[in-house]
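*Asks:* Each chain, written out:
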Amino acid sequence: MSGLAAAAAVATTLAATAWLAATDPKRRRAFRLPPFRGRRRPRLALCAALVPGVLLLWTGNGAGFLIWLGVCSVAGWATAAVPPARTARAAERLAATAAGIGKALRVPGGGARSAARAAARIDALERRVAALEAALAAAALGERDPMVARLADYQAARAAQRAGDA
Amino acid sequence: MGTLAITVHRPAAAALRRAAGAIERRPVLARWLLAGPGALLAAVLVMAAMPVWLPAGAAGVDNLVYPIVLAPLIWTVVFVYALLENSLPRATAVLTGLFLVDGILVALTATGTIHVNAG
Amino acid sequence: MIPISQPQMKRLTAVHGWSGVILGLLLFTVVITGTVAVFADEIARWSAGSSTERGIDRPIDGIVRDLAEKLPLFYLDDVAVWKTDAGELMAFFHSHAENPATGQPDEYGAMFRIDPASGAVLDRNEGFMWKQPWAWDPSALRHFLVDLHVQLYLPDPWGLIVTGVLGLLMMAAAVTGFLMHRHMIRDLFVAERPGARLVSARDRHVLASSWSLPFAIVLAFTGSFFSFATTVSFPIVAQVAFGGDREAMAGTLFEPPVVEDTRRVRAADLDAIRAIALDEVGGPLTFVSIHHYGRADSRIHVWHAADDGRLGFTQTVFDGASGAFLGVKPQVGNSPSTGNTIRTLMWPLHVGDFAGLVSKAVWGALGATTCFVILSGLRLWVRRREAEPLWRRFGRALTVTSLGLPVAMLASAWAYFLALPAADPFFWTPLGFLAGAVACIVLGLRVATEDRLRALFWRILTWACLLLPPLRLATGGTSWAEALARGHGEVLSIDLLLLAAGGLMWWARSRSRARTIVRDRPAMEPAE
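Protein chains in written order, with the working numbering: chain A, 944 to 1109; chain B, -11 to 107; chain C, 413 to 940.
Just so you know, the hints here were simulated from the structure itself, not pulled from any lab data.
One should not assume that every hint holds.
Said to hold, decoys possible - Covered stretches of chain B (in silico footprint by chain C; criterion: 3 or more residues with CB under 8 Å from a CB of chain C, positions within the stretch not fixed):
{"hint": "1", "segment": "1 to 15"}
{"hint": "2", "segment": "65 to 73"}
{"hint": "3", "segment": "80 to 88"}
What the hints assert, rightly or not - Over 10 Å on every C-beta distance to chain C, these chain B residues come out as not near it, computed from the model:
{"hint": "4", "residue": "Arg19"}
{"hint": "5", "residue": "Leu21"}
{"hint": "6", "residue": "Ala23"}
{"hint": "7", "residue": "Ala47"}
{"hint": "8", "residue": "Gly48"}
Unchecked claim - Going by beta-carbon spacing under 7 Å, a handful of chain B positions derived as facing chain C:
{"hint": "9", "residue": "Leu42"}
{"hint": "10", "residue": "Pro43"}
{"hint": "11", "residue": "Gly45"}
{"hint": "12", "residue": "Leu52"}
{"hint": "13", "residue": "Ala59"}
{"hint": "14", "residue": "Pro60"}
{"hint": "15", "residue": "Ile62"}
Just so you know, these numbers come straight off a predicted model, no measurement behind them.
Every residue gets a Cβ at the ideal spot worked out from N, C-alpha and C, and that includes glycine.
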């Protein structure tokens, strides 16, 4: 039970850390990404990152607290150390893998499932746009990136799609 | 009375000013001495005097355990202070005060005049 | 952030940089060996090829009673019983005497190595046994790696003093680094900027050190405490509080008061005591110590390893004559106290041994992060001064140390396994390390370019990792099938980890070579 609590605390903190990293203004500036346009809510995210540790201590789970602190130190560093372009590529790959797994497991279902699929598709598309933006920024900084080559195809396809829609 | 006070304090103040001047004339050497052997000696003396003034606690061991456990932390605090203090004469005065207070406590314990706290 | 003036910043930068440059390589040695030493028990079981159970899980009363009956009373002053990482039971019947080799009080007695299943005595040795590790440590490799971390293989007490000073240096570096970095929170998510520029090197160091700062302080503080506790702090406090009588101070801190009663009585049943101890506190029992075996005033202490949320070791105390449970004893003092809580936390905070492999893996990762911080800081220093030949040479020393130390540690493992079948591994393991280190230094002096040197070290590391498991098997180590059948997880896990590390290094090298070829190709095209 205490192990599960520690795992949940680590997951919550890492999710908040990833959000803070992805929306961090200085990180985005340093990698020439456009400023984050949504609501960042840094204080709320910081609370979400720190409260799990406080709760572990509060409930007397000393071992869980130490593991939480250690994992968050290492994983927080790992999250921050990976440049945005690479994070976006990894997210894209993850999304593709998840989509592949989802496709393999898909059973003909009701409306709820199709709505979930649509939401997942929108998520995947958004991640792809973020990846492309990051790749563009990386290209502007002089990184050689295979993503940049694919960007032209992507833009052409989008233009064709828009023309078709019109 | 006032005359007496002036005659007593003037040489002492002058001596202190001379000492401060001597310290400020050799800032690098003074900083090295304070943050090097000074911090080490202060840490050892603070640790040695802690069993005398720290309460022994419910189990009668806190005043023995704290100095042993906290020794590295005591050194770090004194070292960082000696490094950051802008006024070298003040740093010298603080460290000398630490040496004197803790040294006297240790000496009094060694001679049996005072005793360490017991549980 | 604490406001820092320019002169203060100058002093902080000087101390942070120069202390790192002067002692950073030694500090790296202590930290990287410490990272490996976190897994000391696992390495011992892997190299000795044995049980994963460290608890005393079989009856011991009959064995201890039989041995005690045949020994003179002198040896029954204190008895220690534990199980080694090779799964054998050890019993050390001893008293206290001055060790002529050190001039210090020491434990002298007869040590038995016993088959826990049959109770047969496999080996008996007599003397100041803690100075003879071959008699009780089944793994010379573990013994060497831990010794290298704890005291850099230097003689007592100098090794501990040196590692203690390095701990203080790490504390100073962490605190000065924290004070120097004014925008720590703002830079907390700024990854290394591309282009391999100076700012990239700075980003790399600052990011890693910012995230690992709390643990760097914790590891340095606890490490420094362990190094200085016995060599400096304990004697000083004993001098002030007990007029220099260290045994009296140890008695106050660690021994419960007992009214002396020298009458001989039948010793309590150790197996019944084991059962009560497990019932009262739980967790694996790792150590049983009996004071005055077979006397009316005998006391038995049972040590429980950290488990099930308990952070530190726990001790249960029993009456050695009646077997009555007397209570749970704090590590320090005889009733709960803040001093005991702080003291108890030191060990788990330093080694991460409180939640099995999970906490050890986290502490291993923290150690690796600290290694990265030290190396990236030193690289940044060299990068800023690479125009000067002296600092370029220091950069070379940095490469030799950072890649040579892992090579030397692997060389010690190679020497251990090669010596295992026919020679003394306690002699050859350190020698293997020394040979590896010397070979790396020679390579550092002879290989012309930095790139070639790195490539060479990388290749050596790759093959040393890949070939170590086959070597272990070839020298009579437990086979994978046998390990699986007996549930010896460490044997398989460490072999697979080594193979994975070697494979990963191979892949990384091939990838970087392929990249180099691609990068160089456009320059060649016009000539073609």
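*Asks:* Now tell me, hint by hint, if it's right for this structure.
*Replies:* Right, here's what the structure says about each hint:
Counting residues of the segment 1 to 15 of chain B whose beta-carbon sits less than 8 Å from any beta-carbon of chain C gives 0, not enough to reach three: the coverage restraint is violated. Note: the segment 65 to 73 of chain B has 4 residues with beta-carbon separation from chain C under 8 Å; the three-residue rule is met and the coverage holds. For a cut-off of 8 Å, the count of residues in the segment 80 to 88 of chain B with a CB near a CB of chain C stands at 0, and the three-residue condition is violated. Its closest Cβ contact with chain C, about 7 Å, brings Arg19/B to no more than 10 Å, contrary to its assignment away from the interface.
Once the 10 Å rule is applied to beta carbons, Leu21/B is consistent with being away from chain C; the minimum gap is 14 Å. The beta carbon of Ala23/B sits about 8 Å from the closest Cβ of chain C, which is not more than 10 Å, so the claim that it is off the interface is violated. The claim that Ala47/B lies off the interface is violated: its Cβ sits roughly 3 Å from the closest Cβ of chain C, which falls inside the 10 Å cut-off. Annotated as non-interface, Gly48/B brings its C-beta within 10 Å of a C-beta of chain C; the closest such distance is 6 Å.
Nearest Cβ of chain C to the Cβ of Leu42/B: about 9 Å, over the 7 Å cut. The hint is violated. Hint status for Pro43/B: violated, given a least beta-carbon distance of 10 Å to chain C, over 7 Å. Of the supplied interface hints, the one on Gly45/B holds, with its beta-carbon coming within about 5 Å of a beta-carbon of chain C, less than 7 Å. Interface restraint check: Leu52/B against chain C, minimum CB-CB distance 6 Å, threshold 7 Å, status holds.
The closest approach between the C-beta of Ala59/B and any C-beta of chain C is roughly 5 Å, which is under the 7 Å cut-off, so the hint is satisfied. Given the 7 Å rule on beta carbons, the hint for Pro60/B holds: about 4 Å separates it from the nearest Cβ of chain C. Because the smallest distance between the Cβ of Ile62/B and any Cβ of chain C comes to about 10 Å, over 7 Å, the interface hint for this residue is violated.
Figure legend: structure checked against the earlier numbered hints; hints not met, in rising order: 1, 3, 4, 6, 7, 8, 9, 10 and 15.
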